[in-house]
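> Here is what each chain is made of, one letter per residue.
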Amino acid sequence: MSATASDAAFVEFERVQKSYDGENLVVKDLNLSMPQGEFLTMLGPSGSGKTTCLMMLAGFETATHGEIRLDGVSINNIPPHKRGIGMVFQNYALFPHMTVGENLAFPLEVRKMGKSDRDEKVRRALDMVQMGAFAGRRPAQLSGGQQQRIALARALVFQPELVLMDEPLGALDKQLRETLQFEITNLAHELGITVVYVTHDQTEALTMSDRVAVFDDGRIQQLAPPDELYEAPQNSFVAQFIGENNTLEGVVKEIKGDTCIVQLDSGDIIDAKPVNVATVGERTRVSIRPERVEFDKNRLSPYAHTLKATVKEFIYMGDIFRTRLSVAGTEDFVIKSRNAPDQTRLTPGREIEIGWLPQDCRALDA
Amino acid sequence: MKLTKTLLATSYLTLTATMAVSDGHMASEMTIVSWGGAYTASQQAAYHDPYMENTGIAIINDDSSSEGIAKMRAMNEAGNITWDLVDLEAADAIRACDEGLALEIDHDADLAAAPDGTSASEDFGDMIVSECFIPQIVFSTTFGYRTDMLADGAVAPKGACDVFDLETYPGRRGLNRQPIANMEWALLCDGVAYEDVYDILETEQGQEQAFAMLDTIKSETIWWSSAAESIQLLADGEVFMASSYNGRLFAAIVEQDQPFGMAWNWQMFDLDGWVVPAGLSEERLARTMDFLNFATDTQRLADQAKYISYGPARASSAPLVGKHATLGIDMAPHMPTDPNNAENTFVNNYEWWADYRDDLDAKFQAWLAQ
Amino acid sequence: MTDTSTQPSGPVLAADGTPLKRSLNRALRRQKIRALMLIAPLLLFILITFIWPIAQMLFRSVENQIVSDVLPSTVASLADWDGAEGTTPGDETFYALTQDLMAAVVRKDHTRLGSRLNYETTGISSLFRKSGRKVDDMGEVYTDQFVGLDDAWEDPATWVALMADLRWVAAQSEWDGEGDEPAFRLNADAANALPKTAAAYQTFATTIQIEDNDSPTEEEPWNTVYLALYADLSADASTQVDGAQSELIATAAAEVGSFETEDLRASFVDIDEDWDTHDTWSTIKTYSPDLTNGYFLNAVDLQKTPDGSEWRPENEQIYIELFWRTLLMSFAITASCILLGYPVAWLLANLPMRSANILMILVLLPFWTSLLVRTSAWKVLLQDQGVINSLLVWIGVIADDNRLALINNATGTIIAMTHILLPFMILPLYSVMKTIPPTYLRAAKSLGATNWTAFWRVYFPQSVPGIGAGSILVFILAIGYYITPEIVGGTKGVFISNRIAYHISSSLNWGLAAALGSILLALVLLFYWLYDKIVGIDNVKLGG
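Chains as they are written, first to last, in the numbering used here: chain A, 1 to 366; chain B, 1001 to 1370; chain C, 2001 to 2544.
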């Protein structure tokens, strides 16, 4: 996390709701608080309300209910051009009739900045994204990656404290995307700006952000740093949405402190960590990461419950092996193992027993 | 190569379709060009219908007379005459004859004599203004006014000169957007004797005098370019008085009950009749001449006057004019030729206008644009 | 072909050994021919129905063959006349005119020529018509005297024997009466001995053969032939011909000196005094070349004179003013279309689909109504006693006796034509605006631009290609409109096209109409070029 981050809320959503048609809420009761200097990503499937939240923050949509505050001041009634928020769009939105230099000078010009100051700032902003030589070009003469760099520079050139990015790398190829992800986080941290970043790509969210807000159905399902999000999803949507996951369904039989026993629908008994189950007899969905599943008995606790499994498919993926098993009635239970010299390669048809540490298997809502 | 063949065939078809100079005429069809509206209807009732019944030849009406002469020229140049007979005003007929677009007619040989044996040329008399022209009707350009817009106690206008009297008859005027008739009226109402009108109009001073007279009402005048427009101007109350063709005014007053009155004095007589396009094939020409012979005989011309208030061009038809076909009113008093209608009349001097039309039209348009 | 494959520095070769370039060209040519054949039907259609008639029409603006066609020898003899003010041409010209006019009357050409020259000088129409009626009497005095000398002069056979080529005589006698008679051919000796007579007889023979399907063997020559004979014999009394007619000629040659003569000039002046005026003759001389710039001069209020051109009298000048008016009003119409169309197009591009569709139908509705109906509807709305004026009077904005003049003037034309042409502005604008993503405006606002700045600096420049396309469409359509100005324009709201229409359909002065049309076309091209220079034609988009 950035060193300049302070705990005082810089961006705040308080009980914000949004409806377009007066019948359905697109955003339901959103509460969010960001300190200055944080890089926060809004992640979620399309239609989850993340872009609407961003647009409300930018001022292009108005909240139906609730309050949005920037640096302690309510901005609900402030028009977008007075909010001083930088924004980067998915399709770059570079003005096609202006050169790169003119595009960058535009925000300074509307702020009535003198020409020499303007030129200086434009030059510096271009250098910042390594595009200094391109000031005279038209956007159409640049590649996608170059255009996005310019768009970034334009959003930063007037030194906003908050920058919003709406799937900025969505249209780029994988390699370029990774380079730019790195550059954007670096720049954000160097400049100490607060960033709200919207994406539907979880890898991007995990690699770039200080915190990630997972959106679904108009609500934030979980707001946490990437590692926590991955390791400790709060509910089965987050668990499903972030990373690969095996799920098994069953009923809670017993809860003892931070472990519980779950009887699966197939009748098998397993150990799990109760996350959001409270009472015995409740239905639950347990979630286990593929890389946390063990089939080497020696590495399991002698008291651990195990399940019988049949190997269905073995896929060699280079750095890891991916094995599909038939377990407790499901056919697509996946385990991943590191390609180490002593690693066993499971052949299809082989019968094995699998198990895990109770804290790796999280009993979530059904 | 199949594609090539298809393409060649398409091109060939396009070529032949565009170039096709088909005669377009069935053996039993005839295309007759006229003015449309009530006028064509009167021709249809008076001669097309009986002729079709007698001969079985189908007559197709084409309402293109207003641009008849231009189209005749275009057809003539393309060498593809699709019209068999064209109804034109006398001035246009003379022009068509001059341009070699219309066929010269031997009136006595080609047309029926009067019932009493008087030859056709004698029966039509002066109305044969060109060797190509077969007169049909006499019409007049005269004036109509709104009876309901007449000031209280004012005497109803009698004719052309009241148009220039803005004091007695305030309000807008509607006049034809061309010099013919307007120039004559201007001089006649400025005190020029009728015999001298054309002599004076030949001179610069005479033309200036006429324009000066027209200047007195220019700001109050709406200029029309089609006769239907002049009636519409009157009907909408846009003008108090407008020049128009007497048949149109008759139809508006008698058939549509419009509150119009007629002001006949100094009405200008004009002729309308047939011309035969030059260049018809012998077979078509024979058919056309047969129709002409029938359609311009004494009875047919008298019949036409049952449907429209235009005077038949044959002297022998006049006594046969009867009552309106549907309204049953006596048609004779509505004819422009009825001596009770106007003290003074004049006849469009075709030959003079043939000379001065281009020149005066340019001057007239320039005057209008000032 | 030499084997170049052994030389590494030579041209690159295709697999079959031909140079690669030639191979490529051949392949490309085949493709081009195929493409050309695909568009051939349309190309032919356009060429035949569109380009060719226009080219023909435009050619009329300079074409002037009629004078030299109808009066060939008159035109030739006028070359000797210097055209000086106050003079008329010599007797030779009157002789030539008699000869030409006689043939023209039989061909019925003289009235057409009269109409043509009447465009230039008033009175020539009736001059030719009147003269045409009397020209066949001219020279009759000579006919009578020749016949008085010998009855043989009356006999067509005498003339054929004197004038005809023997081969023609033979062909004629073999002719069975089916189809056309063999075309008359002159005998060379006669042409040498009696040049004028031969020329006159040749004209006579050819003309009656073509026009009346008559034969020279059966028709007595026109008086003009006797006139020519008199001219030949009186010029050279020693004229001799060989053959059977030598005695006849010799007798006549001896007698012509005592013939009663006719003064042709006097005869013409007797028909109409205009033959004695400089104006008439200078018009004929000025317009005798096959090509003329006269129509173009007329089209810009000039007139052609023997020594160049001069302004027409002020009371006949109208075309320059009409061109100006047409241009100014077309600009005004284009401007009001932009003003009215821009917001509508913006709404169309930015409203939700359903409302936009309804709006689009409203925009297109005028397209589906007849032009005449729309124009007449404006008449009902705009006239003195019309809806708008009555409404204003009823509200009390204007007094009853002070109604607004909204029609029969330039205002009426601009209002009605703006309405009619509006869709041509809205549609290109709409299709261009549709391609401008709303994110540009958002981006501009997020960068700190107010709504107006965002629109003016970011949205508007991107919609300029649409304005350009719409303006070109509207302007070019407006400049050539004539129905609407004719109906609602009165006298101050008519366009140059109304005069073109008049000359096409009423005065039949197609040459002038073509010249006016050519100038209009040139103006449109000029504005197109200017537009390209100023805005750039790449900046025109109809969409996408």
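Be a bit skeptical, because a hint or two may be false.
As the list claims (entries may be wrong) - Below are the PhoX-like pairs computed for lysine-lysine, each with C-alpha atoms no more than 25 Å apart in a straight line:
id	chain 1	residue 1	chain 2	residue 2
1	C	K2108	C	K2285
2	C	K2285	C	K2304
3	A	K273	A	K336
4	A	K308	A	K297
5	C	K2492	B	K1218
6	C	K2108	B	K1071
Simulated from the structure, these hints should not be mistaken for laboratory data.
> State for each hint whether it applies.
Here's how the hints hold up against the structure:
1. C/K2108 with C/K2285: Since the Cα atoms of C/K2108 and C/K2285 sit roughly 21 Å apart, the hinted pair holds (cutoff 25 Å).
2. C/K2285 with C/K2304: holds, 11 Å
3. A/K273 with A/K336: Distance of about 21 Å is within 25 Å: holds.
4. A/K308 with A/K297: holds, 12 Å
5. C/K2492 with B/K1218: Holds. C/K2492 to B/K1218 sits at ~12 Å (cutoff 25 Å).
6. C/K2108 with B/K1071: Holds, at about 20 Å.
Every hint, counting from the list given before, is met by this structure.
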